[in-house]
Amino acid sequence: MSENGKEPLIEVRDVKVYFYLDEGTVHAVEGVSFDIERGKTLGVVGESGCGKSVTSQAIMQIVPPPGKIVAGDIFFYRYNDDGSSEKIEITKLDPRGTDIRNIRGNEIAKIFQEPMTSLSPVHTIGNQIMEAIILHQKVDKGEARRIAIEVLDEVGMPYPEQRIEYYPHQLSGGMRQRAMIAMALSCHPTLLIADEPTTALDVTTEAQIIDLMQGLQKELGMAIMYITHNLGVIAEVADDVVIMYLGKEVELAPVDATFYEPYHPYTRDLLRSIPRVGRKSRERLHVIAGSVPDPYNIPKGCPYHPRCPDFMPGKCDLDQDLAFTEIKPGHWVRCLLYT
Amino acid sequence: MSEQTAPQQDNILLEVKNLKKYFPIRKGFFKTLAGYVKAVDGVNFYIHEGETMGLVGESGCGKTTTGRVIVRAYEATGGEVWFKDKNLGRINIPDLDKKQMKSIRQDMQMIFQDPYSSLNPRMTLLQIVGEPLLVNGVARGSDLKDRVAELLRVVGLRPEYMIRYPHAFSGGQRQRIGVARALALNPQLIICDEPVSALDVSVQAQILNLLQDLQQDFHLTYLFVAHDLSVVEHISDRVSVMYVGKLVEMAETEELFNKPLHPYTEALMSAVPKPDPRYQAERIILEGDVADPANPPPGCYFHPRCRYAIDRCKQEEPLLRELLPERFVSCHRAEELSLIGVTEAAVTYQG
Chain A
1 MSENGKEPLI EVRDVKVYFY LDEGTVHAVE GVSFDIERGK TLGVVGESGC GKSVTSQAIM
61 QIVPPPGKIV AGDIFFYRYN DDGSSEKIEI TKLDPRGTDI RNIRGNEIAK IFQEPMTSLS
121 PVHTIGNQIM EAIILHQKVD KGEARRIAIE VLDEVGMPYP EQRIEYYPHQ LSGGMRQRAM
181 IAMALSCHPT LLIADEPTTA LDVTTEAQII DLMQGLQKEL GMAIMYITHN LGVIAEVADD
241 VVIMYLGKEV ELAPVDATFY EPYHPYTRDL LRSIPRVGRK SRERLHVIAG SVPDPYNIPK
301 GCPYHPRCPD FMPGKCDLDQ DLAFTEIKPG HWVRCLLYT
Chain B
1 MSEQTAPQQD NILLEVKNLK KYFPIRKGFF KTLAGYVKAV DGVNFYIHEG ETMGLVGESG
61 CGKTTTGRVI VRAYEATGGE VWFKDKNLGR INIPDLDKKQ MKSIRQDMQM IFQDPYSSLN
121 PRMTLLQIVG EPLLVNGVAR GSDLKDRVAE LLRVVGLRPE YMIRYPHAFS GGQRQRIGVA
181 RALALNPQLI ICDEPVSALD VSVQAQILNL LQDLQQDFHL TYLFVAHDLS VVEHISDRVS
241 VMYVGKLVEM AETEELFNKP LHPYTEALMS AVPKPDPRYQ AERIILEGDV ADPANPPPGC
301 YFHPRCRYAI DRCKQEEPLL RELLPERFVS CHRAEELSLI GVTEAAVTYQ G
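Chains as they are written, first to last, in this note's numbering: chain A, 1 to 339; chain B, 1 to 351.
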């Protein structure tokens, strides 16, 4: 998927992440593959428990125990100033080693859903931003402070010289999220992983933050992996979209095709079940039958078959691995309807 | 203030007049009064029988407090809440004594946002759904079991589940339990406080459809409090928009979305992410944050963020007025502005 003049930044190949619990093994991520190109945005969509967050944790090697990356490869490309590039195999790095630590928070940064719980309540936002700068860039405290103020200014924090002394509880939700973005951007990452960054925010604040992230992406040329369950946000930010269901990637396509030419029945069902602004609709919403199965008993074969309108008995429920096939250039589907 | 909102119609179930709820701010050792958070500050609206009124606004705008003051979970600081009760007739809720209130509470119920924290984990479904029946002496013993079984069936759960505890259920099923509890006493009005915002997309559709079906079957009236505009548009007949404790606009849903009259409504709609990659429209990005309800700006509360603000907006507070029949807005410039809504054309794919 990565040739023809594209500049890959991340290549994820058939990654599996399992959690070994007393109650059984949870196959949180079951063979996910995708690329993220330099400067592009990959949207990752799915309902809770589909493995979208765990996939992003695997990229940073921060899967929490008892979770483990049990198979697959993740490659990270480091582009040097002279135009050369090196290919680093993240899955081979020691999760506690210096190599991954130089990447984590530096070249790959992450912002989280709830800034109140992911920022330390007992440190000022300035100290938290400066910590990352001092750790990754060899500068003294005064210089780190100057950079921190600069980056706060860049994310649209008013009065950054004063706000740098604020604790998170003194800021509004939108301002806290800006502080977190500032922290993530302080070391100029080439990949920003945004895990539901606007879910906890109001729509007007969400619009501000999305606008900010898109502006910064253009300016800094970083790639974004945008994880969300909100299809409206995906339509706005993503270049390519991965749809996940129960740990499996069911569809991967350019954003326009995801909405206008969806192949997988789950993608279609999702699109039809959301109420949409602008379409007058006292009519009933399309409903996906049943609910997401519990993670210890994932259905055999295609995990979506018990809820699928196009279920083919004797085919979809056979215990087999379904192939992820490229139907059109760049458009991949995991479904027996198309094989 | 002499704002007049409700037209003289007898199919109005609930009429809220100049409703106020101030929370005192106390500071220091002696807890001296330092001011008030004006969570709800002079709100006027009305709901017809059998309709769904959406109440939208950003967090902290007072929409949840409004709902709670109506059922008297909070005591109102001022104002009137007229309710057309099936037994007592038209009554003002803040005036009622304890005994009358108990009877009124049977006719007004709530559904809460978080189905994980609004159900007691140590009670079975029979106890949870049966409690309102027991407390009000409506049913007991085997009658109670029959009634609970019927309620569970109505919300799409199997009656055998009544011996189980909430932990055995998924988020969507728990929300159904909350709906069954609210239905137990045959209420006239249900206040739904963000009933689907904690649910997954596919489950959200199930609950919204359930609420619509129940409304038809039991002739329910909903006050639907939510921040998600696409959900509100889907379920509401009319919508009220709140900003910092005040109602800024109220209209029939389609009119409000197609042609908003208040700049704040316009900005809200523009901010909603549209699930269509081909949708191209200028996005209005509001600058700054929501005004502090303890220390609101003078004049129109929205003027510091409003791109149409003129000098008058900074000094004079606009009142809610009926600009067109059943179209209420509080903006000095409502007549002259031509604002942009979202139209059918916004989403073109068929899904």
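These aren't lab readings, by the way, just hints derived from the structure by calculation. Be aware that one or more of the hints could be misleading.
[Stated by the list, open to error] Okay, the calculated bits of chain A under chain B, using three or more residues with CB under 8 Å as the criterion: (1) 166-176; (2) 223-231; (3) 264-272; (4) 286-297; (5) 321-332.
Just so we're clear, the structure is a prediction, and the values are computed from it rather than from any experiment. We treat Cβ as the ideally placed atom computed from N, Cα and C, and that holds for glycine.
(request) Identify every previously stated hint that the structure contradicts and give their numbers, smallest first. (result) 5
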